[in-house]
Amino acid sequence: MVFADLFFIYIFLPLCFISYFLAKTLPAKNVVLIVFSLIFYAWGEPLWIVLLIFSSFLNWYIGILIGKNRGTGRDKVAVALGIVIDIALLVIFKYSGFIVENLNGLSGLSLPVPQIRMPIGISFFTFQAISYILDCYWETVEVQPRYSRFLLYLSLFPQLIAGPIVRYSVVEEEIESRTVTPTDLCDGALRVIVGLSKKVVLANNLWVIVDSFFGKDISTLSFLGTWYTVIVYSLYVYFDFSGYSDIAIGLGRMFGFHFDENFTHPFACRTIAEFWQRWHISLGSFFRDYLLYVPIFGQNRKYISLFLVWFCTGVWHGAAWNYIIWGLYFGCFIFFEQKLGKKRIKKWPLWWKHIYSKLVIIIGFGIFYFEDLSQLGLFFKNITAVGAITGAAPFFDPITWASFQNNLFLIAVSVACSLPLLPKIKSFFLESSQDSLYIAGRAGSLIACMGLLAIVSILLVDATNNVFLYWRF
Amino acid sequence: METPEIKHMRDPSSQPPPQPRRRKKADRRRVLSSRMSVLCLLVLVLAFATTSVLLLVLPRSTKSLIEKRDLAAFPKFTLESYFSGDFTAGVATYYDDTVPNHDGFKNLGNSFKRLFGLPKSDNSVQFVGKINKITDDNPTSEPTPVPMNNDSSAGEGSGTVLPAGAAGRRMDAVPANPDPGPTADPFPNQEVEGKDIIENIMIIKQDGHWRGMEMFAGGSGDAYASALNNLRQKVDPSVNIWSMPAPLPCQFYTPEEYKEYVADQSQCFDSVHQKLDPAIKPLNICSALSAHSEEPIYCRTDHHWQPLGAYYAAQAFANAAGVPFADISTYTSKKIENSMGTMYSWSKSADLLSDPEDFIYYLPGVPYSAVYYDQAFNFSWDDDDLFGAEVPEDPYIVYLGGDQYIVKITTDVQNGRKLLVMKDSYGNATVPFYTSSFGEIYVADIRYMERNLVSMIRDLGITDVVFTVSAFSVVGDNANYIQAIIDQNAGESVTDPYPQPGPTTAPPAAGAVD
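Chains as they are written, first to last, in our numbering: chain A, 1 to 473; chain B, 1001 to 1514.
Excised from the complex, chain B in its bound form (with noise of 0.2 Å):
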């Protein structure tokens, strides 16, 4: 086969010599040619050095809002890093992660992503991540693994996450003083790494606005429903035990023709509660919340559910519990417009960016108090506030000043129930609207508290425990830390140390702290 270089390779003698006139032109052609290419250097040379000067000389930016973290910092040099490779790798990633207007650069990158498909209309999907089929071989739900604050192993030069709290789920930290016992190691699937962690997530575009979903694999909820037996064995029989799992909205928004790659929470909820000691109240919510699925209960651009999705399911477990319970309409509401959640910073979907959403909460009509204590149960502050600053890229966050603090909540109501709120950060929605039903609230997140869970039920005296917490984390590996938190610190004995407190603790700022 003749190639096309063959052309080229014949030899020069043997053709003509160029006319006068064809030189002429040729000459043109090559003085034409060279000023083109020094007027084009030219431009080159512009574009880059002016680039190059700017990224030099412009503040950078330190955090990013959207992916809720801390930007990279500049890594410190030990000859070890540098042998390892870490500190050039280190420097490198701190010059890119940390380029002026880091935010507004990716959300321009993900914009232009949309022009690599279809124009979208209404029922247009997008999957981000690897999408299995539910089949019998594969079990098992694996949530996004949400880089949270770590504060010890989030590494220089990698980026730390802000400590969002609210924003996600804690996959990494071990409690304080876990209890060895028989399995050394109860969190065996720890998956954490600095930031772009994409998994399993449906973009759809529904009614005109587009929904981001996390994808739910289900799973058997054993670690779960065996913590929640044990901790039945070992609380007085007359405190009531609620397993009340907060569903994902693939539940409910989930297009008929993609059902197949999501597992139905609510058989996987009577599955697990099925394992339960009979003595424990499973309250399935799945059928309530499907009941307002036209309403907006789930958030579109975050992973939560919004704060009306937690008060359909409060209401179904104060109507459980016997407790009376306040209509919404008591309650004031509150507006976090054009908010821009999880969803997008997990899936970089411009077309979620394009459509923000409003975060609407609500303020209890009745009175109370709050106290927040660290993880330790020591006293931090109290400011009788619920609520917190409010950040659009992080709507969620406006609860309880994230997810990691003991909170109690005193009210009026004067029934003698005491209720302890075990949850993850689906259940932080619910808190305001146990204000009317419970004369003391404790809230405690499992992933983060350091205190014997027994302990804490007989020595505040508590009448009710509700588990609230998502789907994922009654099948995944954040079941674990119940366990953990029902045999650490076994036998201690608990006082709430609120009377006499100590120096308070300012309250968090906005978006720093949460």
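The shape of chain A in the complex, shown without the other chains (with noise of 0.2 Å):
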């Protein structure tokens, strides 16, 4: 099932929330979150809820084991052992087809290719499950005793397909105890809208930009129409985003979690690092947290540690060559950042810094796009203009400025929500000393909420691809 989806919006929410608030007691309202939180999962993967299932209870089991032997050595080999079946089926999953062709491709066997579809959200559990047995193993958090809750953590449906990574340090204490005021509903169901709005509204709209340019064959396609495609191929993928990770938020909240953030405005960053720490913050805190500082290579070693960090971080966005190559791009840049210095980035104008940082993101993107290896060299032969010199491709073509005309209010949109200016104006009315001011604040962002849900409720009878980029991952 996805968020930006009437029956979702319309039948199952409602639902979940009658049956929610009828329960009485805690554990009652847990256990209706667990039952809707399958049912989610069940209606697009009713097979592969068993590997869910399989999953958590391994976790669990693995949690209770290391719990029991603190200390005698075989906590070690059960932290181990948790690791490496997550790691196993994430592998078999996701990663065994691309491993097996590049085998193939390597010595020349022909091997069979295994087609393996992957179950949805496998890298957002496993990598929380893995987050939970090394926060007991480094007692950063109490070994949950009771399965039920442990599924309740693993399977919780705003979070469960597609993010954020949520630890359970974050979740351990509101699965046990938790309120849920009226502040708590409308804030939540607000930021519900606001991430509809970025999907449906926003990121819907910029995909049939990229689509109708990059989803052909780009031998031909401008260098400024390369350009122009990229830079909304990278506003789609925030928006896409980062309007799941609203809507997981915002859900989350109107339960009673208190979920971190995930995205904080990140093309509003001056360097690259800076752009990590404002994008998907949850993937980039779990590598720092269990893979960056981990002394596999030794304390001098710390670049290699780095490198491995953003190579993880390629792969784990999916099985091709293209997210390793974007993975340890952006570790090129981070490493040229560290070399550098902070103190020396921070004497660069301000205008070179955000030139800096968007041109690397934005090419970053376009290498993210493209699987295909081919069509990813294309790119590059447009964007850099060799193909408008060579005269393979145009330097300008009219279709790219008759699509810019035609987008150009959807287009400004989107890059003034990227950047901190809704915020700004929320602040400035929600934080005014003045009455007049706050209630003023108050109704206007219910009165576009409300307006947004209509828009988004009347586009998502028009749309047909509705699925978020992130489930693929």
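Be careful, since some hints might not be right.
[What the hints assert, rightly or not] Derived lysine to aspartate or glutamate pairs resembling EDC-like cross-links, with alpha carbons at most 16 Å apart: (1) Lys1418/B with Asp1496/B; (2) Lys1130/B with Asp211/A; (3) Lys1025/B with Glu431/A; (4) Lys1024/B with Asp435/A; (5) Lys1025/B with Asp435/A; (6) Lys1133/B with Asp217/A; (7) Lys1130/B with Asp217/A.
The set of hints was computed from the structure by calculation and includes no laboratory data.
On a predicted model such as this, the values are computed, not experimentally measured, just so you know.
Taking the hints as your guide, dock the two standalone chains into a single complex.
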């Protein structure tokens, strides 16, 4: 089931809320959430729900083993076993085809390439499970003695299939004790509407532009057309993914959970390091906390760890070389910035910092888009104007100009919404000492969100492709 | 770099205690905030609950006139469909697709999208789909795959397509008895999905009106030429075989700056005609139509020509064939007002929606009778009329009950000429204009006919065969149907069943059957 769907918004969600608020005790509410979460997952993956339940049971039991055998050495075995099984599942379901294909290519063998359909959300719930058993081992969280509560953590439908990667420590207390205030419900619902709007109004329509240019042979796409499309694609990925995160965070809030933010206006960054502090924060912090500081290569080999992290970041996004290139590409710029030093970068003029970071990010999204490496080569040829210089592609084309004119306001609104302008306007009203301004701010956001909900609902009748990009990860 | 969050992480105990006045104000704000939240929540619950209930209790839509299809049906439950995910996906699709007032919401959504761009003026252009420049490496035209009537393959839950016939181009059907022959699969590039298929459409404002056009990318037409040559070999040399492909509107209305994105259809037809057996008579009507491009010869909101365009094409054919031809002034014109055809369905352009057009068709001034047969040439009904009900959402369906029927028209013309019009939907509109030119006219669709073409020509005494198919059918997969109907049921004999009809089938209801 997808969030941006009339069935989800007007059937699944109301039924879930009615059941949730009819349940009187917290254990009963948790049961309601588990049941609806499993229905939510089984709706899209009727078969692989078995895998979700297996993974949750295994990792819960590993946690129990760690707790029981703490300090005996067996806890190490348990945590190692858990990580190996979790990663093995991920490799089997997500990477086996890719690995065999490359093995065949390198060795000249012709091993049969496994055709396994990847279970939705496996990357997210596997990482959550790994974070739990490592946290148990490092004693940063208590071992959860009840399977049902761990199952609730892993399967909680707002964050189940496309993140954010919620740490157990974030929801540990709220699983056992939480309250929902009218403010939680109201703010959560408004956040959900904002997320839906990002997806349905902005991302879906930005995708139409991207697909019309990149969804074909790009050998004759002009220099400016390539830049135009990749910029629009960057905005699309941001609104698609951050929209999903908004919905997840909003839904969590409505059930009394407070998930961490996953995006904080990443395009407002000034360096690549800052971009990754603002983009998919839960993934970055996962690698930072569980991989970067693990002394695999010793104290003096931090740069190897750095590139390992970025290799993993790339691989996590997909079983294709372009994702690995994409990860290492960002690793190179992080390395460059670290070598240069914060002090030197601080001396750069602000405009240069913005140009540098946006160029790197936008070209990076080009790498992210093209799984076909020959198309990726053409992309680089066109975006660097080599295609235009050699006459293979024009410098400019009228189709791009027509598309730009026909989507000018959509793009302008998208750019504005990607920057921290609206939060500033919101805080101007809501943090004002004058009650009238405060009331105007609250009423204004309610009216705006009601209007957005109406537009989203209407556009969803017309929507045909609402699958979130990050589903496939 | 200090992040904004750090400010909030300062130890609160290090700050001085709030003043009583300030605390009072904070308490008041807390109360106000709480009240506002409750109010806000009430509004939200009311909105969600009302919408949820209305979507459940209001009658669900079953058909979309603007998309020309049946909306999704509730899926059947089977263990297989459940475990494959088809059932659950089908339930959600059913709910989403059959929203009450489906078409109204679709139109509203499309209209909203007009706000995305600058206000439109004359010569404003929009492109829908993936537009490629015409290059030597890109010679093949990929027409819009149109969802069509497909009884068996359209899956439940996916939304089947209305049997619109004339509305579109059949890309999916295989003739009933195809002769496998040396090529078992004559339709290698079948591309049909349930809905929302968009490929390469240009929408342009010219002379104050919006026009939607598919963009033609050219193609070799080898299959078309080969099939016609093959037919030429198999039928009596006395039978005249004519090739009169119908150009698409982009030939005449594409602005100069976008010409490199469409192939020249006149050149394409000439090139295809050069591959034909010299005994086949080619007729390139591009220049004949070009002379009238200022007149409404093509629909602006549909992918077909207007009957006036078909009239000029028929006139060119009659002149070439040496048969009489009645001037258009002898016809009675009828108007379908505010029509909105396929170009809107496919492009979803609100600009097109805002600018409907009149579809003007012409009733012959001479007497004639018409008999309708099914695709296997079994008698269906006779009602002496070439025209059906008027459907503004699909104006072209007014002709011949749609695409798939075989039709025989008998006129008072006594010149001993019997015409067989082999056509796709473009050919439909030409047929009434032949009523003063030929004594008998048979009409059959290359995509639907289930009898052997060679036998039909021989056994029905046809003297002239004219192929009137669109440029897309000349260069695209539809051309494969011509070879298929030459090969299927080879050697059979064909008898017109009409004088001894079986039980008469009622003519189709408007918009339901074509």
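Here's how the hints hold up against the structure:
no.	hint	verdict
1	Lys1418/B with Asp1496/B	14 Å, holds
2	Lys1130/B with Asp211/A	7 Å, holds
3	Lys1025/B with Glu431/A	13 Å, holds
4	Lys1024/B with Asp435/A	14 Å, holds
5	Lys1025/B with Asp435/A	10 Å, holds
6	Lys1133/B with Asp217/A	10 Å, holds
7	Lys1130/B with Asp217/A	9 Å, holds
The structure is consistent with each of the numbered hints, conforming to all of them.
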